[in-house]
Amino acid sequence: MMTMEKIEKHPLFKFLRDNPKATVGIFLIAMILILTLGAPIFTKFEAGFRSDQYRVAPNGEFILGTTQLGRDVWAQTLYGGRTSLMVGVMAGVIAVTLSTIIGITAGYFGGIVDGIITTIINIAMVIPQIPLLLIIAALMGGVSPLLIGILIGFTSWAWGARVLRSQTMSIRNREFIYSAETLGESKFRRLFAEVMPNMLSMMSSAFVGTIVYAIMAQATLEYIGFGDPLSVTWGTMLYNAQNTAALQTGAWWELLGPCLGLIVLGSGLTLINFSIDELSNPKLKAQRIMAGYYKARKAEKTYAEAGAENE
Amino acid sequence: MSKLLEVNNLSVDYITLKGAVRAVDNVSFSIEEEQSMGLAGESGCGKSTIAYSLMRLHRPPALIADGSIKLGGREILKMETDELRKFRWEHISMVFQSAMNCLNPVVKLEKQFFEIYKNHGITNNRSEARTLAEELIQIVGIPKERLNDYPHQFSGGMRQRVVIAMALALKPKLLIMDEPTTALDTVVQREILQRVYELKKDLKFSILFITHDLSLMMEFCDNVSIMYAGKLVEQAPSRTILKNPQHPYSYGLKNSFPSLHGEIEYMEGIPGSPLNMSNIPEGCRFQDRCFRAQDICFKVVPPRNHRGNDFYDCHNPMGTLTGSKN
Amino acid sequence: MDKKPIFSVKNVVMDFEISGKNLFSKKRTLRALNDVSFDLYPGESLAVVGESGCGKSTLCRIAMRFYKPTKGQMLYHDECCHSFRGYALKNYKQKVQMIFQDPFSSLNPLHSIYYHLKRPLQLYHKHKSAELKKKMDESLEMVGLVPAEEQGRKYPHQLSGGQKQRAFLARIMAIGADVIFADEPTSMLDVSIRLGVLNLMNKLKKEMGKSFLYITHDIATARYFADRIIVLYSGHMVEWGDVDEVIKHPVHPYTKLLISAAPDPERETLAKLEVADDVEKEVTMWTPESRGCPFQNRCPVAESRCRETFPEAVEVKKNQFVRCIHAESI
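Residue numbers (the numbering used here), protein chains in the order written: chain A, 56 to 366; chain B, 880 to 1205; chain C, 363 to 692.
One should not assume that every hint holds.
Cut-off 30 Å, straight-line C-alpha distance, at most; resulting in silico cross-link-like pairs (DSS-like, lysine-lysine) [as the list claims (entries may be wrong)]: (1) Lys568(C) with Lys372(C); (2) Lys679(C) with Lys1133(B); (3) Lys495(C) with Lys516(C); (4) Lys1052(B) with Lys957(B); (5) Lys949(B) with Lys353(A); (6) Lys495(C) with Lys1133(B); (7) Lys430(C) with Lys679(C); (8) Lys69(A) with Lys516(C); (9) Lys64(A) with Lys897(B); (10) Lys388(C) with Lys987(B); (11) Lys987(B) with Lys949(B).
Just so you know, these hints were derived from the structure itself, not from any lab.
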């Protein structure tokens, strides 16, 4: 029987209670995942369904109203979310794989290898990504979400590579790596068993950050019109809303769906990122420590701390 | 000699996620005028916390929970911000650990001295300040032309001297030195410390010398206070701690420094590791590492035994080692 | 000594190119070690004492093959360590190991202590898994990390500084090293723990016949732990011999300076530091072009001869050598 005490002692519960950022973040993302992946449960309409009620405000049948073309905004948000998520994750995976391989190789091997790779990273960083994506999209005459995902993945690895490279370099110089070398461990073993595990927090942070970026970049591209207007994603929803002058005619609900989706997903992921930082460096739990500090100060019968000027 | 610094029942807490950890527990000691007191202890025992608290430089999450600190009769813990700012450096100043890194790297030395004089209302005149600074820097043995240089143009030892000169700029009554020479080589360390002690005689100030190097402290300090896990466990003149320490920790600490004379004998140091401050046991804090621990040590906090101006907190002290009277 | 030395350093010279103050000035050559020679015998500990910048860490790094000496050789069992390949190299890496100064970064924070011991046993000795556990527990008990089961499962951050150094020593013992270069192994530890680690090293030396090269700036612990001592100044060996003789009867002015500078609680009056009164009180940099005695700038008894002639080693007593012009007259 799961009594209250048992629940309170469970390590998962403790983790969630001690890390409020992670808890909220996970909750938000879980909500999005459940709603989008379980879309058929939450709406009886399909994404492409067209009713005969055009631009109707939210009511009992259409929870978030309908668009100019009679499509149900709620259903579109849910189904469209699937695509946005998928694209984001795919782009994230591609970008992180690239930045990990490139960054760690440069940082670990050093010398000429590092020199060449750093030059490549610098070039990649200097090229502005959104205009590059626009050019490619224009050349291809509009691109599907899948293609957008791949493109974003291949153009946003540079910053992560840079960060991972410097982190690798700092770890490489620590004595336990020398110790592994004098022990006689092979180069690969040192890389995978000694260096990489110390970088996992940074890599996961880069992964989550890239997903956020990818989802936003995709929405941006589609919003400006470089996506595939026939597909249903949050970006194309915004594009269509814009093109049919939704705001000007007062149809705020057409924008509400995709915007809320982007905000909730983005915030959830960012909160998880903060939480990863706090886990790897507990001193960052500064807010909670300071809250405790102020409480203790009020309770004490003592002295005005030199305090005000020092804080 | 009258008492210059009186610390009574000082307690300092650190607020952590798990609540308050008391890093300094009910510590009382005093320093007289023109006297040097050494504060010895290992990492985590609270000595640096005390040093920072004396000048109220401690930062959150450190919190002074209780006690009184009086310098020349004035209560430091009750001072207002402005009063405190004036008080610092004029009456009490500090040389920090790795102080050589405390100098502003992009400002010439001359200007850094000028700022001290300006901020304390000594003079607003650049050349007057320069004259004062030249005098000051020469007493620590640095040629006055070097005031035009930047900190990175000096070696570590010389930067440390500069910092000491700065600390003495306003002729304070008490100089706190927190591990001032840990990062320096033995020869440089000795030169600097000997210089400071000559200056102490000339300028007539007191010194609180904080370090873990007990053998160094014995040479330079009149009195020594020994701290363990946040509590002061013994205080006595340095000769007494050397020849006849009462607390087993003082004894063990003294025996952690191999000598340069006499037979080379086997020495133990102190077994075990420093106490984890979030897990303080009942009774004496030194119980796990003490070779003289008895049953009572695990239950009752040891009493303070006074011996004139000195004291030690122990149920089972060492007694007289050599057999001769104290 | 009728035994043969296990490790020998023969006339090692180490030069480093350092860039000048700006892009256009010439590169300068820093001579970190000049004509350093000594023998290390099985079961003995040799202390190398000097201030920062004297080249003691460079010695370690050359022995670990991070650098190749500009001139001279380091020999392990009479063979040049830089010429080892293949199996001989693997053997060298096993037998000659190093302890680092910083206990906090010598162990990988993400692996347990057992892992740190398992890898060397797997790489160098082919043990079956049941035997492996037994061997690891033995190593832990030998260094005083008991109960072995509990300590082995811990991660580095759960151990104190002293325990970390002991764990590292256990690892080196598990590797099977015979010659251990200890680069200031106790300077970052709490004072009450230092002797524990030194006593452990002594035990390994006496009971298992290991040899130690103990690098330190603390002459008192050098006296406690080492059998012989080398005093290094600016990359030169200035005095060397039996540790007690050198410390009780120092001949070289620098050795005298080091001893009088060392903290000594039993001193009655303040020490008199015998050094020439000059502003640059730091160790001088040596280059291939430098002439004369390395200590000329700080020596209280320096003469004009000292600026021109490089002093040769003179045996002032049995097993005590000095590199000083004035010693020749003794």
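Now the hints, each set against the structure:
Proximity of Lys568(C) to Lys372(C) is assessed by CA-CA distance (about 26 Å); at most 30 Å being required, the pair is judged to hold. For the hint linking Lys679(C) to Lys1133(B), the alpha-carbon distance of about 34 Å lies beyond 30 Å, and the restraint is violated. At most 30 Å may separate the alpha-carbon atoms for a hinted pair to count; Lys495(C) and Lys516(C) meet this at roughly 15 Å. Simply put, Lys1052(B) and Lys957(B) have alpha-carbon atoms about 19 Å apart, close enough for the 30 Å limit, and the pair holds.
Proposed proximity of Lys949(B) and Lys353(A) is supported: the alpha carbons are some 24 Å apart, at most 30 Å. A threshold of 30 Å between alpha carbons decides the hint, and for Lys495(C) with Lys1133(B) the separation of about 39 Å lies outside it, so the pair is violated. Restraint check for Lys430(C) and Lys679(C): the C-alpha separation of about 34 Å exceeds 30 Å, so the hint is violated. As the CA atoms of Lys69(A) and Lys516(C) are separated by approximately 22 Å, the hinted pair is consistent with the 30 Å bound.
The hinted pair formed by Lys64(A) and Lys897(B) meets the criterion: a straight-line CA distance of about 16 Å does not exceed 30 Å. For the hint pairing Lys388(C) with Lys987(B), the CA-to-CA distance comes to about 28 Å; that is within 30 Å, so the pair holds. For the hint linking Lys987(B) to Lys949(B), the alpha-carbon distance of about 36 Å lies beyond 30 Å, and the restraint is violated.
Comparing the model with each earlier hint shows violations of hints 2, 6, 7, 11; every other hint is respected.
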